[in-house]
Amino acid sequence: MKFSDEQIHRYSRQMILPGIGGKGQRKLMEAKVLITGAGGLGSPAAIYLAAAGVGTIGLADFDRVELHNLQRQILHKTDDLGRLKVESGRETLESLNPEVKVQTYSDRIVSANIREIIKGYDLVLDGSDNFPTRFLVNDACYFERKTLISGAILRFDGQLSTFKPHAGGPCYRCLFPEPPPPGMVPSCQEAGVLGAVAGVIGILQANEALKEILGLGESMAGRFLMFNALNLSFHEVKIAKNSNCPLCGENPKIKELIEYLQVCQA
Amino acid sequence: MSGEEIKIGIDKELNLKGKICPYTFIETMLTLEEMEPEEVLRVIVDYPPAACEVPQSLKNEGYEILEVRPTKGTDWVIIVKNKEIE
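Top line first, the protein sequences correspond to chains A and B.
The first sequence runs 1 to 266 under this note's numbering.
The second sequence runs 1 to 86 under this note's numbering.
Rather than coming from a laboratory, the hints here were simulated on the basis of the structure.
Just so it is clear, CB atoms sit at the ideal spot from N, CA and C, and this is done for glycine as well.
Misleading hints may appear alongside valid ones.
Below, computed lysine to any residue pairings styled on SDA-like, alpha-carbon distance capped at 20 Å [what the hints assert, rightly or not]:
{"#": "1", "chain 1": "A", "residue 1": "Lys23", "chain 2": "B", "residue 2": "Leu30"}
{"#": "2", "chain 1": "B", "residue 1": "Lys12", "chain 2": "B", "residue 2": "Lys59"}
{"#": "3", "chain 1": "A", "residue 1": "Lys23", "chain 2": "B", "residue 2": "Ala51"}
Residues from chain A that face chain B, not an exhaustive set, calculated with beta carbons under 10 Å [said to hold, decoys possible]:
{"#": "4", "residue": "Lys2"}
{"#": "5", "residue": "Asp5"}
{"#": "6", "residue": "Tyr260"}
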């Protein structure tokens with residue numbers, strides 16, 4: 001495939017980077033990334049992936065745009081109130097980069113449909129806002145052998161890691177074997193979140209997705225990053241595969257997808 | 001090699017007159033990526049900074065620069081050898 005003059009101009013500032021060039025740009029243009037949640041994390045992540053020329057971006061979200069989303073969910077604008085987030089997200093991404101193919105999934109992600117959806121993607125970027133979905137996405141990625149770039153935010157804090165159990169690294173359940181009891185961890189609706197924190201973590205997720213696609217740098221697999229906006233601090237801890245992990249351990253208890261009860265939807 | 005002109009077999013020529021940086025470098029690199037390993041490309045540029053920046057950027061990417069010299073008017077010739085098989 002030959003690059004057009006327009007493509008060379010559009011991507012020139014990344015094509016000149018060491019290790020990217022035409023080969024790397026082609027990898028990006030052939031890549032398929034699914035983003036679960038077109039909200040605080042998924043918005044900045046999707047925008048940077050589209051800008052970089054990731055060929056196919058899947059957006060999965062059943063929600064509609066509400067006024068309180070706009071403080072951080074930068075895919076959506078005031079005129080989009082009431083629209084499906086995946087539709088408003090698609091419009092934003094396509095207007096930024098018409099070369100990107102945006103696939104939308106406006107049904108709730110559940111155990112019955114998730115594997116079929118993620119099968120067609122190379123990589124999954126989780127920006128979901130609740131534990132049932134977070135665990136479902138992790139388990140489905142494990143069963144489908146997909147790399148998962150996981151991000152989470154609350155109040156002034158954020159977390160980030162990459163899970164590649166198919167390549168020997170830990171999965172999300174190696175760290176957190178089971179979801180916390182309902183109500184134990186407050187949601188963003190109850191506890192609040194600073195919009196820029198979503199931006200920091202969502203953009204780091206995009207950064208890690210681009211690195212995984214390009215095969216550049218040090219993967220976040222086996223590493224867990226914690227961010228605090230008030231101290232402006234980043235702390236990193238090493239995480240290992242857990243041999244007792246209920247999903248990817250030596251004697252796994254989980255053999256199929258589990259649907260946890262969704263309570264107090266934020 | 002003083003005073004002697006090096007005889008180099010050229011496999012392909014790329015005329016980038018009128019193009020500015022960084023497109024001079026990008027188009028050179030894209031052309032090299034499509035060429036066979038160790039083939040030789042002659043690039044002609046007329047944007048003065050390109051005569052310096054293109055060879056330097058190619059070197060940084062691991063390409064071997066065989067020759068850089070001014071020719072007629074403001075033109076420069078850059079001769080670069082493609083990488084071996086990665």
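task = Of all the hints given earlier, name the ones this structure violates by number, lowest first.
result = Violated: hints 3 and 6.
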